[in-house]
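Just so you know, the sequences run in chain order A and B. Count the first sequence with the working numbering and you get residues 1 to 376, in order. Count the second sequence with the working numbering and you get residues 1001 to 1376, in order.
You can take every hint at face value.
So these bits of chain B aren't anywhere near chain A, every CB distance computed over 12 angstroms:
(1) D1159
(2) A1294
(3) A1301
(4) D1326
Derived coverage of chain B by chain A (criterion: at least 3 residues anywhere in the stretch with Cβ under 8 angstroms from a Cβ of chain A; other residues may be distant):
(5) 1138-1151
(6) 1216-1223
Here are the computed distance ranges between Cβ atoms for each label pair:
(7) H91(A) x G1019(B): 29 to 39 angstroms
(8) G13(A) x E1017(B): 46 to 56 angstroms
(9) R305(A) x D1159(B): 33 to 43 angstroms
FYI, nobody ran anything at the bench for these hints, they're computed from the structure. Note that CB positions come from ideal geometry on N, CA and C, so glycine has one too.
There are 2 protein chains.
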Amino acid sequence: MATVPFDGAKLGGLLEEAGIDALLVSSRHNVRYLTGGYYDHFHALATRGGSGQYVPFVGIPRGRFDAAFYVGGMGEKRQLEAMPIWIPAIHLNGGNGPNSARVAASLLKDRVGPNATIGVELPFLPADAFQSLQRDLPHARFVDATDLLHELRAIKTPDELATLRRVAEGVAGAIQATFRAAHDGITTRELSSVVAYQMASRGIEFLWSFTCAGPSFLRAPSSMVWERGQILHLDCGGEIGDYLADICRLGSRGEPSALARELHAECLQLQNDIRKFVRPGTTYRELAEAGEEALHALPHAEIGRFVAHGIGMVSHEQPMIATRSDRRLEAGMVLSIETEFLHPSVGHVKIEDVVAVTPNGYEGMGDIGREWQIVE
Amino acid sequence: MATVPFDGAKLGGLLEEAGIDALLVSSRHNVRYLTGGYYDHFHALATRGGSGQYVPFVGIPRGRFDAAFYVGGMGEKRQLEAMPIWIPAIHLNGGNGPNSARVAASLLKDRVGPNATIGVELPFLPADAFQSLQRDLPHARFVDATDLLHELRAIKTPDELATLRRVAEGVAGAIQATFRAAHDGITTRELSSVVAYQMASRGIEFLWSFTCAGPSFLRAPSSMVWERGQILHLDCGGEIGDYLADICRLGSRGEPSALARELHAECLQLQNDIRKFVRPGTTYRELAEAGEEALHALPHAEIGRFVAHGIGMVSHEQPMIATRSDRRLEAGMVLSIETEFLHPSVGHVKIEDVVAVTPNGYEGMGDIGREWQIVE
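Hey, can you work out the whole structure from these sequences and the hints?
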């Protein structure tokens, strides 16, 4: 049997539990996850072309990795030769949604028959590809496997943790460098460009930057100037190969006010205190409740908010702390933890960190620049 | 009636011709086109989150711009306040595909009734959103409007041309700077990172880089080293607000061979000669045939290829030269023009330019670095 770059036994169990005969994955992140990092480099960011959109497929019949297939476009041939993947059957006569779907439908019919239950990613499958699948497999049942794939990815391997650490350090470093680029008249739109450039110089793909110059609560980059005496938060996302980090740091042009300092100190206190709950065995409910309790013990609780959510290839994946379930944290899960205060005269004070669950507790990834970034 | 940032009369005509009662657009580029540049900054690159994908909608009932609507997520409120759009009805109770679709279906029912023909972008509409639309509007007919939107965008305004010029110059400049970063042992993967960084430093969003070190034809960035004595082409895409440029330049570590020089000279000759056909009134067929004829007059024609295609918000949009129709070029159309030779002992020699049709002829956008980029 083929050796797969993910937990094959876990996938088998999840598919069986869901009654899925074959998985047919099309999102960039899950194609990368299931192939072990492969994606057509040309279409990774430029998906649109001509009258359609590029769509690849990874197909995996339940329990039969030797019957797995990949469908892509003819331009991928040399890249796949240079970076071979484990999947035995490579079909490059697809490309756009309907073409790839036609090839995938034929391969699925051969492997699991015309009446199978097929797990697809409905939020990431373009309608033209879905129509083509339905037309070619009129007796198949299509069910959404998005959450099943979140579950498959819930526990990160040491390699994945190394990538997430590199992304977190790169995003935190890019943010710190961006604060230092401040000058009179700099707009939040310019700051956003600097973040993107600082990420690119660290090999990180820019995803977003919230640039909030207090006391305004406008977080979208705009023509607003970061003035002397104002705080600014940079809440930024970046990724490498679909592994993302989401980090927020706080700066000030000149000394922050006493009130701003209090709010930042409360953020840090909560962000630090909650970490003792980040360890294998803590339930999602315990973590969420501990965060709420710690928040309510703080002087400015009434304008504060605490949130924790899983992060990896998707923001808000497992562990889904918001569900407040009795499910327990496990080593290899990764969290985004955030504390914020919205104060009408100071602005939006926020610290957000990436924290991994380790066998003995936690690891703060990208823990640099959490102190005030004071610039001129 | 609302003033719209596109040719409203042309859109009305196209919708009437297609029998479409309302347009419902969801792709990032067409949302930007129809709103005049707006898109949720948080989700422009990070579309995935939780169990779904972010999907906004712009809805336009035919001929009734005052009844147009926008559907997005609640996080967009402050950005829309800071950067108002012309659309009168803003609904921010959508977000992911099914939520946005539910809101859009209700608005469409109010405006065009339950039996209308709705123009959607099937390649850019996620299946979960499409299922929701079909469920809520069971008597509506959904048709693909992707090509209609290409047609709407075919003639670029002066502002759009200015953006395309800025992108082309930025991409060409980034490529030139990347050649200069060469050093012993540099891999094509590192060169690709440098291109991304050089684009970001120019305010350009990186899309792709083909990095082909001859005599290999592997164009995907990899661990392959660009050795002394080898040519390298950098065929790169970048964008600003969904307006893209696609440019290829040629470098050599040390002096290129006489044969490499001949192939490059033939590329440039064809690229230059074909420009006299780029003017209002030339038919698509004439341009394609002139390119073929010019290619066949060159010494290495048998290993050469000439291609021209429209470019703007999408690669391979109008003018669709490949159709070889009798349609004529018009001022404001923009072309990507490429000539290449694949030689087994030299490698992949290629020059690609962005050329706009002007009232009197053509404008080469980003025409820098077309000569050999010779580095150590």
